[in-house]
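Residue numbers (my numbering), protein chains in the order written: chain G, 1 to 89; chain S, 90 to 226.
No wet-lab data here; the hints were simulated from the structure.
Here the structure is a predicted model, which means the values were calculated and not measured.
Errors might be hidden in some of the hints.
Only pairs whose alpha carbons sit at most 27 Å apart, straight line, appear in this in silico DSSO-like list of lysine-lysine [claimed, not checked]: (1) S:LYS192 <-> S:LYS165; (2) S:LYS106 <-> S:LYS134; (3) G:LYS39 <-> S:LYS192; (4) S:LYS106 <-> G:LYS39; (5) G:LYS39 <-> S:LYS194; (6) S:LYS127 <-> S:LYS194; (7) S:LYS127 <-> S:LYS192.
FRET-style restraints, in silico, Cβ to Cβ [claimed, not checked]: (8) G:SER50 <-> S:THR197: 43 to 51 Å; (9) S:ALA209 <-> G:TYR36: 22 to 30 Å; (10) S:PRO110 <-> G:TYR36: 32 to 40 Å; (11) S:THR129 <-> G:ARG28: 21 to 29 Å.
Glycine included, C-beta positions come from ideal geometry on N, C-alpha and C.
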Amino acid sequence: MLAPGERLVAMLDTCVLAPMPLCDTLLRLAEEPALYTPKWSADILRELRSTLQRMGYTPALADRRIAAMTGCGPQELHPSLQGEAGNLS
Amino acid sequence: MPLTQELYNQIQQSHAKLVSPDGNTQDLPASLDDFLVKLTAGLKKGQSVAIVQNDAQVTTVEAARMLGVSRQFLIKLIDGGEIPHYMVGTHRRIYVRDLLAYKSKRDTHRRRVLDELTRAEAAGELYDLELPDAGTR
């Protein structure tokens, strides 16, 4: 675990966070012994909330999911990368 | 001397040995043997193991890197009383054992939250919902 500098960081965007099997797997890979450190931004969470609702989550269930994810995911939000993330699609 | 007493004495006097591939052996002190047994057990269970001096200290920059967070965020944790620190002049220092204690607490908490989420999503038939076809990146 303690290999500072060798730690990989990955930005997780809405497309991999919305489907729970992917989100679950990616967050578990970040548990110790961690393969990488996940990051996301406030913009990504905002987009996730609306995508979850288009998938069939009620607003309350989408909020529950996001609250749990922020409890077990990155402790701090990555500064918004909206510009760059928009170009990744 | 009764047989059991004799056996006991022999065990007391025997040493664990380190055998190298070339056949060389050396006695290991009991404390080191005990440590290696625990270390091996931990590694076999897939736990990550860090060997640090008990009183090793790190700067806020090093501590942030070890937790995978920014320095500003680490300082928030320190100021919020989540991680103990002490001052060397005007600089903050953190004992590695305090940092590891915090990290282990955080990791345990994360695992519990994720387990609960997974269960709740499965129970609510949300786990297998798929992305809408178009327009989502």
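Using the Cβ atoms, figure out if PRO110 (chain S) sits within 32 to 40 Å of TYR36 (chain G). Roughly 34 Å apart at Cβ, these two residues keep to the hinted range, so it holds.
Per the hint of 21 to 29 Å, is the separation of the Cβ atoms of THR129 (chain S) and ARG28 (chain G) within bounds? The hinted range 21 to 29 Å holds for THR129 (chain S) and ARG28 (chain G), with Cβ atoms some 25 Å apart.
Mind checking the alpha carbons of LYS39 (chain G) and LYS192 (chain S) for me, to see if they're no more than 27 Å apart? 17 Å, holds
Please verify whether LYS192 (chain S) and LYS165 (chain S) have alpha carbons no more than 27 Å apart. 15 Å, holds
When you check the alpha-carbon spacing of LYS106 (chain S) and LYS134 (chain S), does it fall within 27 Å? 24 Å, holds
When you check the alpha-carbon spacing of LYS127 (chain S) and LYS194 (chain S), does it fall within 27 Å? 21 Å, holds
Status of the given 43 to 51 Å range, CB of THR197 (chain S) versus CB of SER50 (chain G): Hint violated: Cβ distance 32 Å, outside 43 to 51 Å.
Would you mind confirming whether the straight-line C-alpha gap from LYS127 (chain S) to LYS192 (chain S) stays at or under 27 Å? Holds, because 20 Å separates the two Cα atoms, which is no more than 27 Å.
So if I understand the rule, the pair passes when the alpha-carbon distance is 27 Å or less; does LYS106 (chain S) with LYS39 (chain G) pass? 46 Å, violated
Outcome for the supplied range 22 to 30 Å, where the beta carbon pair is ALA209 (chain S) and TYR36 (chain G): 25 Å, holds
Pair hint LYS39 (chain G) and LYS194 (chain S), alpha-carbon separation not exceeding 27 Å: 20 Å, holds
Violated hints, listed in ascending order, are 4 and 8; each of the other numbered hints is respected by the structure.
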